[in-house]
Amino acid sequence: MKIGIRGLRKEFAGARGPVVALEACDFEVGEGEFIVIVGPSGCGKTTLLRILGGLESPSGGEVVIRRGMEGGGEEGGRQPLTSMIFQEASIFPWMTVRDNVAYGLRLRGADERRTADSVRHFLALTGLEPFADAFPFQLSGGMKQRVSVARAFANDPQVLLMDEPFAALDEQNKIVLQEELLRLWSASRKTVIFITHSIDEALVMGDRVLVMSGRPGRIKADLPVRFPRPRAVYDLKGDAEFGRLGREIWMLLREEVVRK
Amino acid sequence: MMTESAGETRIVPDDARAAGLHERLWRSGAFRAVASPLILLLLWEVLVRAGLLDARFFPAPSSVLGELWAMVASGALFKHLAYTLSRVGVGFVLGAIPAVLLGIVMGLSPAVRAFLQPAIYSIYPIPKVALFPLAMLIFGLGESSKWAIVAFAVFFQVLISTLAGVVNIERVYLDVAADFRASRWQAYRTIALPGAMPFIFTGFQLGLGMALIVVVIAENFGTEFGLGYMVWHSWQIFEVREMYVGLIMIALVGYLSQLGMGRLERLAIPWKRAGQAALRF
Numbered sequence: 001m002k003i004g005i006r007g008l009r010k011e012f013a014g015a016r017g018p019v020v021a022l023e024a025c026d027f028e029v030g031e032g033e034f035i036v037i038v039g040p041s042g043c044g045k046t047t048l049l050r051i052l053g054g055l056e057s058p059s060g061g062e063v064v065i066r067r068g069m070e071g072g073g074e075e076g077g078r079q080p081l082t083s084m085i086f087q088e089a090s091i092f093p094w095m096t097v098r099d100n101v102a103y104g105l106r107l108r109g110a111d112e113r114r115t116a117d118s119v120r121h122f123l124a125l126t127g128l129e130p131f132a133d134a135f136p137f138q139l140s141g142g143m144k145q146r147v148s149v150a151r152a153f154a155n156d157p158q159v160l161l162m163d164e165p166f167a168a169l170d171e172q173n174k175i176v177l178q179e180e181l182l183r184l185w186s187a188s189r190k191t192v193i194f195i196t197h198s199i200d201e202a203l204v205m206g207d208r209v210l211v212m213s214g215r216p217g218r219i220k221a222d223l224p225v226r227f228p229r230p231r232a233v234y235d236l237k238g239d240a241e242f243g244r245l246g247r248e249i250w251m252l253l254r255e256e257v258v259r260k
Numbered sequence: 001m002m003t004e005s006a007g008e009t010r011i012v013p014d015d016a017r018a019a020g021l022h023e024r025l026w027r028s029g030a031f032r033a034v035a036s037p038l039i040l041l042l043l044w045e046v047l048v049r050a051g052l053l054d055a056r057f058f059p060a061p062s063s064v065l066g067e068l069w070a071m072v073a074s075g076a077l078f079k080h081l082a083y084t085l086s087r088v089g090v091g092f093v094l095g096a097i098p099a100v101l102l103g104i105v106m107g108l109s110p111a112v113r114a115f116l117q118p119a120i121y122s123i124y125p126i127p128k129v130a131l132f133p134l135a136m137l138i139f140g141l142g143e144s145s146k147w148a149i150v151a152f153a154v155f156f157q158v159l160i161s162t163l164a165g166v167v168n169i170e171r172v173y174l175d176v177a178a179d180f181r182a183s184r185w186q187a188y189r190t191i192a193l194p195g196a197m198p199f200i201f202t203g204f205q206l207g208l209g210m211a212l213i214v215v216v217i218a219e220n221f222g223t224e225f226g227l228g229y230m231v232w233h234s235w236q237i238f239e240v241r242e243m244y245v246g247l248i249m250i251a252l253v254g255y256l257s258q259l260g261m262g263r264l265e266r267l268a269i270p271w272k273r274a275g276q277a278a279l280r281f
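Protein chains in written order, with this note's numbering: chain A, 1 to 260; chain B, 1 to 281.
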């Protein structure tokens with residue numbers, strides 16, 4: 001087990017008393033697993049991710065993330081536990097693509113040459129090399145999100161947390177980036193928790209799909225997705241099992257969406 | 001260009017040759033920018049020569065130009081100019097640097113902000129020139145009281161702009177910094193300072209304008225040099241042409257310094273260059 005979440009609860013102070021975002025949330029994640037969480041909007045899935053990333057603290061219950069083998073010792077400082085990829089454009093407009101990707105390594109004082117090597121490696125893998133010295137305003141939305149992905153991978157965390165990273169992209173760029181992300185992930189075998197509202201995306205990406213209930217969010221179902229890897233996004237969509245699983249998830253979600 | 005004939009509308013490229021020379025000249029922005037003040041000056045000159053405008057208060061532009069030339073030739077003008085520029089320059093640096101630093105700290109720390117904001121917002125509306133007598137009491141009649149009052153004026157403009165800049169930084173950038181476990185100092189340097197840079201430059205421009213106002217008033221006291229001194233002195237001796245030279249120089253310094261600040265801004269903020277086409281994926 002890499003991550004264990006038990007009885008997690010989170011409440012926020014609202015205008016009319018506390019709002020419970022998460023309640024009795026339980027699940028486990030294995031080392032190197034690709035977990036996708038789907039849920040109706042406002043179910044607390046982003047809150048869950050922010051708690052895992054240390055950006056919010058829980059109101060109750062516990063989250064355990066096991067520190068695995070130290071892989072990052074030679075790159076200066078400890079290997080970070082988690083890195084997040086945000087939904088919106090979160091790359092810094094005042095840094096070039098190269099400086100954005102180097103951000104995490106520079107912050108923890110990694111060796112200059114190793115940083116440069118690592119940055120070059122991930123720029124190449126994401127096709128960003130020709131844009132290394134461009135500023136974000138010169139990039140399209142798809143390219144910006146590639147920078148975001150490269151920045152998180154270059155930081156070399158043990159767990160990657162992704163909050164609807166491709167939600168703002170058009171359908172065609174989305175497919176291209178999904179396949180790129182799967183390629184990057186299979187080369188690194190990092191543990192991933194990926195949030196989406198798209199059922200198709202959940203089935204394409206995940207080893208397991210967790211379905212969340214409406215607010216207060218808890219895990220309503222835990223479905224294994226056993227398509228072989230590497231996966232080609234568009235081939236998968238014609239598969240009969242894909243349709244059956246998608247329908248099952250939709251039935252679970254429909255109850256929650258309609259209930260509101 | 002749209003043309004209509006025989007029941008159909010055609011949309012075709014504009015014919016550039018259709019416009020005559022005078023039309024093209026009139027369309028050019030540079031021509032229009034220069035034309036209106038020139039016409040005004042010409043009118044002025046004519047009215048004075050015709051005796052319709054009182055030359056005691058509104059000396060003809062040609063005679064002001066003659067005075068300007070005489071002051072350039074004697075070197076007096078440059079001496080006055082140099083004094084004013086150095087007062088604005090020293091005061092600007094003394095005011096702007098601490099303002100940026102404090103603005104960043106206040107912007108990122110709600111506690112510091114809550115503590116200092118009331119004091120700052122209550123001092124800010126006081127006209128800075130009203131504090132000049134106090135500055136002279138504290139720093140004397142020499143240069144330091146002038147630096148102090150310019151610095152004071154610049155400080156508040158830049159502080160308030162910087163603060164607004166940091167507070168307006170998109171939340172997600174601060175989340176990213178927190179996610180990458182940036183230290184407080186790293187967040188200042190990598191997020192707050194560059195993120196607030198466009199606002200900081202707005203503060204610099206406003207501060208520079210304020211500095212010029214303040215320095216002209218301050219140069220009425222304890223000095224015999226400076227463009228402000230020129231204007232006040234020429235009032236006392238009723239040398240109106242010299243006054244106009246002073247006013248022209250002040251306008252010129254204001255205009256050129258804003259222009260220079262704009263250049264500096266484009267150098268300092270390369271990520272906000274407008275008008276560049278996006279590279280498409």
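By construction, these hints were calculated from the structure, which means they are not laboratory data.
We put the CB at the ideal spot given by N, CA and C, even for glycine.
Take the hints with a grain of salt, since some may be wrong.
[Claimed, not checked] Here are the simulated distance ranges between beta carbons:
id, chain 1, residue 1, chain 2, residue 2, range
1, B, P133, A, G17, 27 to 35 Å
2, A, A187, B, Q186, 42 to 50 Å
3, A, E31, B, P110, 46 to 54 Å
4, A, G17, B, S183, 33 to 41 Å
5, B, A119, A, G32, 42 to 50 Å
6, A, D133, B, L141, 48 to 56 Å
7, A, G17, B, L134, 16 to 24 Å
8, B, A268, A, E112, 54 to 62 Å
9, A, R113, B, A111, 34 to 42 Å
10, B, Q186, A, P228, 40 to 48 Å
11, B, S109, A, A132, 32 to 40 Å
12, B, V172, A, G60, 21 to 29 Å
Results for each hint:
1. The beta-carbon spacing between P133(B) and G17(A), approximately 56 Å, falls outside the hinted interval of 27 to 35 Å.
2. As the Cβ distance of A187(A) to Q186(B) is approximately 29 Å, the hint placing it in 42 to 50 Å is violated.
3. Judged by the Cβ atoms, the range 46 to 54 Å given for E31(A) and P110(B) is violated: they are separated by roughly 39 Å.
4. About 36 Å separates the C-beta atoms of G17(A) and S183(B), a value consistent with the hinted range of 33 to 41 Å.
5. Take A119(B) and G32(A): their Cβ atoms lie about 55 Å apart, and the range 42 to 50 Å is violated.
6. Look at D133(A) against L141(B): about 53 Å separates their beta carbons, and that is inside 48 to 56 Å.
7. Our hint of 16 to 24 Å for G17(A) and L134(B) is violated, since their Cβ atoms are close to 52 Å apart.
8. The hinted window of 54 to 62 Å between A268(B) and E112(A) is violated, with their beta carbons roughly 25 Å apart.
9. The beta-carbon spacing between R113(A) and A111(B), approximately 40 Å, falls within the hinted interval of 34 to 42 Å.
10. A hinted range of 40 to 48 Å for the beta carbons of Q186(B) and P228(A) is consistent with their spacing of about 43 Å.
11. Checked against the given bound of 32 to 40 Å, the beta carbons of S109(B) and A132(A), roughly 35 Å apart, stay inside it.
12. For the hinted restraint 21 to 29 Å between V172(B) and G60(A), the CB-CB distance of approximately 27 Å keeps it satisfied.
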